[in-house]
Every structure is written in C-alpha cells, then in structure tokens.
Amino acid sequence: MHISLPSQLSGLPLLAFLNSIYRITAYRIELNFDSLRFIRPEGVVSLSNAILYLQKSGKEVVPYIKREFLLSKWDPVRYLDDCLFFEKLFGSKLNSASLSRSTTNGLEILSTKAIPQSYIIRTVNWLKYSLGFKTKSFFALETSLVEVFNNIIDHSSAIVGSSFAQHYPNEKRIILAISDFGVGIPTRIRERYPGMDSDGVAIEKATQPFVSSKSKLNNSGVGLSTIIDLLNANGGKLIIESKFGKLTVGPNERRIESNVYNKPYPGTLIHIIFRTDTLDEEEETREELEW
Amino acid sequence: MVIRVAEIVERCYTYEDGLQLLKIMDEGLESNNQIQVSFKGVTAVSSSFINGAFVPLLDKIGFDAIRERIQVMDSNKIINNLIKSRIINESNRRGGNEAASREIYAT
Chain E
987 MHISLPSQLS GLPLLAFLNS IYRITAYRIE LNFDSLRFIR PEGVVSLSNA ILYLQKSGKE
1047 VVPYIKREFL LSKWDPVRYL DDCLFFEKLF GSKLNSASLS RSTTNGLEIL STKAIPQSYI
1107 IRTVNWLKYS LGFKTKSFFA LETSLVEVFN NIIDHSSAIV GSSFAQHYPN EKRIILAISD
1167 FGVGIPTRIR ERYPGMDSDG VAIEKATQPF VSSKSKLNNS GVGLSTIIDL LNANGGKLII
1227 ESKFGKLTVG PNERRIESNV YNKPYPGTLI HIIFRTDTLD EEEETREELE W
Chain U
9 MVIRVAEIVE RCYTYEDGLQ LLKIMDEGLE SNNQIQVSFK GVTAVSSSFI NGAFVPLLDK
69 IGFDAIRERI QVMDSNKIIN NLIKSRIINE SNRRGGNEAA SREIYAT
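Protein chains in written order, with our numbering: chain E, 987 to 1277; chain U, 9 to 115.
For the record, the hints were derived by calculation from the structure and aren't laboratory data.
Wrong hints could be hidden among the right ones.
[What the hints assert, rightly or not] Distance condition first, Cα-Cα at most 16 angstroms in a straight line; then the derived EDC-like pairs of lysine to aspartate or glutamate:
1) U:85 with E:1274
2) E:1223 with E:1177
3) E:1191 with E:1243
4) E:1191 with E:1177
5) U:85 with E:1177
6) U:85 with E:1273
7) U:48 with U:24
8) U:48 with U:67
9) U:48 with E:1239
10) U:48 with E:1273
11) U:31 with U:15
12) E:1223 with E:1274
13) U:85 with E:1068
14) E:1052 with E:1020
15) E:1249 with E:1263
16) E:1099 with U:82
17) U:31 with U:82
As the structure is a prediction and not an experimental result, all values here were calculated from the model.
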C-alpha cells in the first residue's frame, strides 16, 4: 500500500493522516515522503508515533523518497534525517552524510514504562550548550520534562511515545513536543469525573492542582499544574491536545477548545514552549524551606 | 544530622526515588530529634518524588513534627512550594491543619 504524507503535518491534515492509519489493513506500507513540504516538532513526534504504531501492529513500513533532498538543508526530509528520524525508526540514515543540527536534540523514542533519564539530561545539556549558559541548572525545564514523562507513565497506558525539541534562536524560544498514543487525558479524567461536557473541559480539569485520575494512586495530580506554574514564571506557554480537546495556557491566556477539527488526536500531544529571553545565566538562589 | 539528597538518589524524578529518601529520613528521625535535608546539587524535583519522600511522614510523625524536626536546606522556591503544598493538602485531607492551608494559599 502506498501512502503519501500530507504536505504539512499539522492541524487537520495531520489529524486526518493519524486517524487513517487505524484503518490500514495492508501488511506492507510505502510511506511517501516526497509530498512533505513542511514539518514542525508536533509533526515530527506525531509521525514518529504513527510509524511506531504501525510497526508494533506487525506491519512493515518503508520510507519512499525519490526527490533529491540533500541539496537543501531546508528540505523537510533532510531535516528529518539530520534529526535522526530515519535512523531511529528505520535503522539507518537516508544519507550517511546527514549531520545533527545544533538547533535540535534529535528525535527520542520513549519507553512507556520508565522515565527517560538520560534523554532528559541530554536535553538540558543541549540547551545549556545552545544558549551558552554553562552554569545554569534549568531547574524549571528539567522539572517540566519529568512531570510530563511521569504523567505518560502513570496515566496514559501509552502504546508508543516520542519526544523532540527544537530551538528557534530568532524567536528566542524552545519548543518541546511530546506525544503518546494512548487512552488520552479526557478518557482518564472521565473515569474519575464522569459527565465532563467536552474533551477540552476535561483537559482543563486535569491541569487543576490535586486533580488526578484513578490510574496511579501515588500520583497526586499536581504534575500539569506544576508545569503551568513554571511556564508562567518563564513567560512561556503550554498547549495540550488530547482526543477532541485542546487547552492553551500562556501569559494572559487560558483557552479551552473542543472539536476544532472534528477529528481526535489519538492520544496526547503536549507542547512546552519555553522562552529563552527571560532566562539569565545566574543560578537561582538557594534557600531554606520556611513554613 | 545532614542528609544530602544528591548522595541518596541519582535523580529526584520518581515516586520510587522519593521512597529511597524517605527510608534515610526515617532512620535519621529514629535517632535524632532534628534532621537537615539538603538539596544541594539537585537539578529537578518532581511532585511524584515529593509524594514518595515527604507525604508518608504525615502518618509516621504528623504535620507539626515535620515542621519542627525536618529542616530543608539548599532548596529553592519550586521545591519548597511543592513540599509545602503537598504536605498541607494531604494534612487537610486527613483532617488536619486548616489554618496553615489558608496561610500558604494566601501568600
């Protein structure tokens, strides 16, 4: 079976593609990358999970690329190759000369059973190097990553998961995209709080402190609210898409949406958008706990 | 007695990491009236870690004893707010300290 990727892996085309993979019955799938024109972090992790899902379902997925993509570093297929996409998912780079880029830390395929400790540390170190902040600990970023991964492990029953970070120096921000294909936040929240009006409202509920699903008793339900607090201090933004819902939390913004495209995201996609212009090299002050 | 968290666990990422610190704090509290817990060198602390390390102390020694006998040092605002909010909230769930809860959420 030959499938062409949408030209842009975002919004409705992305959701349509992701939902289509569940209807595939063919054993061998040629995935045509020639049609891809643009991809951002959410597309990278979503496509990675789609391929992983098909592979875990016992299907053979083969990349199909004809065009000469090596000539331009702006070509999305070249970009994916540089980001280790083909190496991680298919075992080897498309072109052995592809080089890693300083503005990304590469695709990471997540274990759904354990925190990816080395990946978190690598991501923090990559960021320190990128920003030239050798001594700063990036406590908030590291903690945010840990909270997201804890949530995936504790709640999602994820089949597959992927993570990817991109630094945009001109925009002075970093986008971390983390996706799992699992039951989704709305499903989990409704197990504990039935009757939620919409998936968007359910996601918003999940970000309130001390709201947790029943899935793991030692998870107290402050993970997402912790991330929001950290990003508020940074001036950054959190976007969560899960099933038919979407929540955007940023400076002076808290937007709940449902059925934006009438197609569900088959799990959860989290964007952590971290500003780099509000960071400074100085280490935060250490202090005693005072009650 | 000073307990250096960075010497007990490699990372403060998981509930299970927190249980390792709890075990050492337990032992320290058995033989010392007060213990100091230093977060020097710790680069991230998750809420799950705090659940494992500190929340069980509510059942073991109670809220007032946590405040009096455990001194958290070399910490930061994020860690301190996490510890305080988790302990106070759990204490309230168990029918404890409403005054402290009002105070913490007012600041």
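Comparing the hints with the structure gives:
no.: 1; hint: U:85 with E:1274; result: holds, 9 angstroms
no.: 2; hint: E:1223 with E:1177; result: violated, 28 angstroms
no.: 3; hint: E:1191 with E:1243; result: holds, 13 angstroms
no.: 4; hint: E:1191 with E:1177; result: holds, 13 angstroms
no.: 5; hint: U:85 with E:1177; result: violated, 34 angstroms
no.: 6; hint: U:85 with E:1273; result: holds, 8 angstroms
no.: 7; hint: U:48 with U:24; result: violated, 20 angstroms
no.: 8; hint: U:48 with U:67; result: violated, 27 angstroms
no.: 9; hint: U:48 with E:1239; result: violated, 35 angstroms
no.: 10; hint: U:48 with E:1273; result: holds, 10 angstroms
no.: 11; hint: U:31 with U:15; result: holds, 13 angstroms
no.: 12; hint: E:1223 with E:1274; result: violated, 29 angstroms
no.: 13; hint: U:85 with E:1068; result: violated, 38 angstroms
no.: 14; hint: E:1052 with E:1020; result: holds, 7 angstroms
no.: 15; hint: E:1249 with E:1263; result: violated, 36 angstroms
no.: 16; hint: E:1099 with U:82; result: violated, 32 angstroms
no.: 17; hint: U:31 with U:82; result: violated, 20 angstroms
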